[in-house]
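Peer 1: The primary structure of each chain is shown beneath.
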Amino acid sequence: APELAIFERRNWLIHLHFVRKEYDTCKVIVKEQLAETNGMCEYAVYVQALILRQEGRIQESLELFQTCTLLNPQSVDNLKQVARSLFLLARHKAAIDVYNEAAKMTEGDWEISHNKGVCYMYLKNPEQAKVCLKEAISFNRNELSYIMLGKVYLAEKDIHMAIDVYKRAVEFSPENGEVLTTLGLLYMQTGQFQKAFEHLGNALTYDPCNVKAILAAGSMMQHHGDFDVALTKYRVAAAETPESPPLWNNIGMCFFGKKKYVAAISCLKRANYLAPFDWKILYNLGLVHLSMQQYASAFHFLSAAINLRPKIPALFMLLAVALTHLDDPDNAREAYEQAAAMDGDKDPMVHLNYAVFLYNQGDRRGAQKQFNSFETATKAQGNVEIDPEMLELSSKLGPALQVGESMVWQQKAKAEVKPPPLPQVGLRTH
Amino acid sequence: DDKWLEAHYDPVSSLYTFTQCITMSDINADGDHKLIIADLGTGSYDMKLKVYKGTSLMTENAIIDLPTGVVTFYMDTNEPHTPAIAVASGPFIYVYKNLRPYFKFTLPTLSVNPVEQDLWDQVKEDRIDVMSLREMLDGLRCEGATLTVRSMRFLQLQSHDLEPFASLHKHAPLKRQTVITCLATMKKSMAEEDAISCLILGTESSHIYVLDPEAFTVLATMDLPSVPVFMSVSGLFDVEFRIVVACRNGGIYNFKRGVKEGKTVFELNSQPVGLERLGKNIIVGCMDRTLQCYTSKGKKLWSVAVPADITTIQMMDHQQKGFKAILVALANSEVHIYRDKYLCNVMKTPDVITGMKFGRFGREEASLIMTTKGGGLVIRILKRTAKFEEKDISAGPPSSQNQKLNVPKKTKLFVDQTMRERENAVSMHRQFQHDLYRLRLETARNYVKALDRSMNPISTNPQEPLKLAAQVQGLGPIFKLTVNLQNTSMTVPSLDLIITFQYDNTLYKFNKSIIQTPMLVPGLNYSFEALVECLSDKGISDTVKVFVLKKNRSVPIIAAIINMPISEAMVVV
Amino acid sequence: MDPLFLAYSYFRRRKYEQCVELCSQLLDKNPYDQAAWSLKTRALTEQVYIDEVDVDEEGIAELIMDDNSIAQVARPGTSLKVPGTGQGAPSQGVRPMSQSGRPLTGFVRPGTQSTRPGTMEQAIRTPRTAHTARPVTSASGRYVRLGTASMLSSPDGPFINLARLNMPKYSARPNLAKSLFEYIFHHENDVRNALDLASGATEACQFQDWWWKVQLGKCYYRLGMYRDAEKQFKSALKQQDMVDTYLYLCKVYVRLDQPLTAVEVYKQGLQRFIGEASLLTGIARVYEGMNDMSNTVQFYKDVLHQDNMSIEAIACIGTHYFYTDQPEIALKFYRRLLQMGVYNTELFNNLGLCCFYAQQYDMTLTCFERALSLASDDNMSDVWYNIGHVALGIGDLTLAYQSFRLALASNNDHAEAYNNLGVLEMKKGRLEMSRAFFQAAFNLAPHMYEPHYNFASMSDKVGDLQSSFNAARRASDAFSDHMDSKQLLSSLRKHFAML
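Protein chains in written order, with UniProt numbering: chain A, 1 to 430; chain B, 1 to 573; chain C, 1 to 499.
Extracted from the complex, chain A is given alone in its bound form (with noise of 0.2 Å):
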């Protein structure tokens, strides 16, 4: 009798061409292979689905992948690549079923409970989400399920327990530059300054063409006034990605701590027509233009932005002293109303121009009142250092309210205090 071919005979040549990524020759011999067995090589099958799904086809992918439960149903791998079709084509249900029954036939699978949590993720149900990825990281500390893992907290905005995944997963992988540049940002989000720029730094050893971890970082040496190291990261940042909005939003911040006004507004006009709806590249503009006294610039940035993000105080406190010189005093002081009552008393710069403003329209009263809240505010805040232009102020306006009629200085209070620009970090996430 003559002897039958073996079905699995090109099965390593197949897997051979599919890793090295030749896929004109995997597919040619696929379909050799599932001539000559009518179908019935279930490895062929499979690449031929994998195949597929690299070229985004992941429909067709799903039914081949199909067929192959069929072929051989005590395969999980088969079962556990249904899943994932279904989880590609944002049927995370499905997914999920398929997954539970994967479950049944083996133990211990971290992809099963990876991808589980992934799904629940989706479908918007953060518990089942966390139980499935801790479970994943039981049975195999894989990075990306800390990743994840860390994703759902922040979902939850629970930033500390995010912060404490991120961690581990650093210690697990210190060379990933993603883990390190989440976990900087999150530093940073707390306050935790000195941990963040090491994070960063390190992000930055490893791949220092990693363009968040370049905003992030000079983001912070801009908090610390180093402009110009900022800027020459900011560079390679720029080779990367020439049309990013946060970068160029950095960079015009930059200029304008060099006190290059002209160049600061170039920068963050175009950072502005690259994304028109990003709140802070107005508020940097309304900033900058009231620096060189364009007003009614400065009020148009600004209340775009307010449009765009109505709850930000220190927005409607730019935009009172915008007002005020428009020569609109009316529509000042219910800004600064706005501003007060939203912010408490957190931020004392608020308060401190209130007072200044209510004491040139001769409201002393008011003033004074104003000026108690900002000490209290001040107070509050502890040790924080505080802005010396701030301090001069006050200091000025202190007197100027409790002495009477004779002032030391006579012309108007000039000088509002102006917050420092709120640099961007991180990249849009859309």
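Source of the hints: derived by calculation from the structure; they are not laboratory data.
Hints are not guaranteed to be accurate.
[As the list claims (entries may be wrong)] Dumping the calculated EDC-like pairs for lysine to aspartate or glutamate here, alpha-carbon to alpha-carbon at most 20 Å: (1) A/Lys21 with B/Glu334; (2) B/Lys263 with A/Asp109; (3) A/Lys212 with C/Asp484; (4) C/Lys461 with A/Glu156; (5) B/Lys124 with A/Asp109; (6) B/Lys297 with A/Glu22; (7) B/Lys299 with A/Asp109; (8) B/Lys545 with C/Asp378; (9) C/Lys486 with B/Asp288; (10) B/Lys373 with A/Asp24; (11) B/Lys373 with A/Glu22.
Please arrange chains B and C on chain A, whose structure you already have, making use of the hints.
Peer 2: Just chains B and C now, kept in the frame of chain A:
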């Protein structure tokens, strides 16, 4: 490239092969290492075992099936002490001694499902007929039992072919055979260069077999959770050994002496393209363009990103200099040499490399044989004076740091305008606000007007979520007007809609004046056509309005205006 | 007064109707009056005369079945059909592209807006009612229109019956032949007969008359025989240098897709006629066609040196400055146009935009109001669209929304408005609507990368990775340097490649 001598490059050697099918060995015991390549020919025929002496082809032996791997090993201690060549192909290993076929080893057959065996026995004795055989086998398969090739083929046949097939095969013993997927050697008891080695095979049935070289018996069998693809072997079989295996499921497993089941070292995120072992560390090249290094316990030491897809990796063990590195061949026709995680050299090759081997060739200690995708053969020799720096050559700040930022320039005019604004800020502001209110009013008025006339192509009515788009095709005088209607909601179907047109009937003639639409399923785009004929030849055109109406409503839901293009007149030649 | 003299005076005063009437009367009396006949032909021609230099409509037949393409794969920077990435041009991220793959020009000219469509279906479909590309007609279209205009004007049938003309007789008579040729070519649009006449006439004057060569060239050009036209023009040039001839010759080269040769010829012409504005304009147009913005601007500036009133130059330079972040300079240029008396929607629209971006807020909205009042149905949608942009800049999202809807109401195919509405809907959280909008946008305008990218990133957020991948690929095709779509693609690929 200053470290390597280009010894030979033949772009038309027509070699289709892989790293695992290349080896160098002194098969004639004359101190001149030959190059042995198993060529896959065209993929379906013309497979050969080629032996090169120096740069020319010495002999060629035809092989029956595609070669999966080639190794050389010392089978025995007889004189002349020449190694044999083992070629793995399908379920067989062909052993050649002195370039002549010597022995053919067949893999042990796997166990056959007892029910299946029984069924075929019954057929042999004519106790059941082919139709019931088919039913039973089908049932077995649906339960998930793995059947032999014979049964699988049997199940695929048409009914009239069943009988001849069965009678042809029923008398032969039923066997389930698997194929070899990878091949390696391991020294048996002594570590000398020419000591006897065992053959290590990986099979498609997820087993590893260790073969005794003298009698070709199976010394040990090991199990894996998945099919092995790459193997790295070290140690002595009789004393202590280690086998590291990369499998198709992306896992790396470890075997020690006496262990039957593979222990998981690590599960990779993407498929491995090559596996090598450097000391105690395992280095893997992956499909996601990274080169990763793990300890044997599974801790990830480092991971390096490479600029292109990896095609194969190979260890470079220069014993004289005591230098160990990993060669990584990339899809951009480069070969990177990594010492630990630092890139210490980049070699450019004329084509993408598919197979690499470093070792002794001819009389040269340090030569590198590479085969290319186009079928060429490249031989390079490492210069004796070549030094590889410890330092990473890609360190330091990237060059882009020195490029100046592309800040847009502002002109004096701009500065002047800022002065203007400073002086007139108040009036500018007032004017703008004033104008803004007027504009808002104007816009709102127009908007309401548009809503009243329903001149919107997208409806604002949440009960009827529809979108309309229209296209005109043709040059005239007859045009085709296609109306595309889409239901934009997620779940609400649209019923009872009618499409109608308004036009100047002295200019145009429609073949249909009303189109009834079927129920619109959400998310799908429906298109309806109407033919329009332009009645005038004066080259003027007009607009046509398309309305979508709902039964019992007098105001259209949505409407669109189409500017008809100028019709070409009938050209009379 | 002698009626012929009167007729001639009418002719000079451009009162063609009366001239034609008088001549007809004269001819009734004496059908063989050559002077009257000649005058009548000239009067009729003048009524419909169009300078051939500017006519450049390519019909569908020319586009699809073009035998003249020299290189299938032209080297970058040498072909008009394959506009390369410009040097010194702002990228697609900053300056929008038109359907033909070139950035939106500042000035609408015949022939700048069509490109080689891939298939017949595309050719018939795409630019019919679209905005950024001129509709494609078949070859006969435009010319027939001109011809029919003439038929409308002579109520008692055609003046000269071409079929019964004795060509050789007329070719031999130089005084009659020229005016007859012009009549046939422009008024009757009968290129073949014109060609006959011209060839006869050229022979009759032993190929010495450059004028006939130029006319022959024109006829060949109309018939699509570009190489012959080129020969004729060249030999005409050898005999007599005329600006017109240079212009015609370069038109031929442009049609043959040899822009560099055209520029060479223009430059030769410039050596002879130093500073001739039309030649400079020609060079600038060619460079614009090749996307070489720095040279374009250079040459338009030269044009302005010579001819301060060239609207085309001013408009193009203005657009260029606007898109390179210097709106205040653009404003200056557009103001000049206003001073020159150009008073239309487009200009006010551009003025409004420049004022807004140059922060001259007081004037912005008045310009837009003026633009709206002057707008016809075609332009209305663009004006509303730009108002929408201004509203976005102020942060007034309701105003923006309304403006974009209004843009759509005037022109249902405004792809950009669909795209922006999609973005607004996304901000409001209405994902289904925004998806429908993006789909509409990229179906209408597949060359724009924005709707593809937006669709891709939206699908990605929802988790539908397959549509996201396909859309991101399309976005990459449209604008290959777009970092965001490249990043999206690579992260999706990683997803797919993972085990």
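Peer 1: Are any of the numbered hints broken by this structure? If so, which, sorted upward?
Peer 2: Hints 5 and 6 are the ones this structure does not satisfy, whereas the remaining hints hold.
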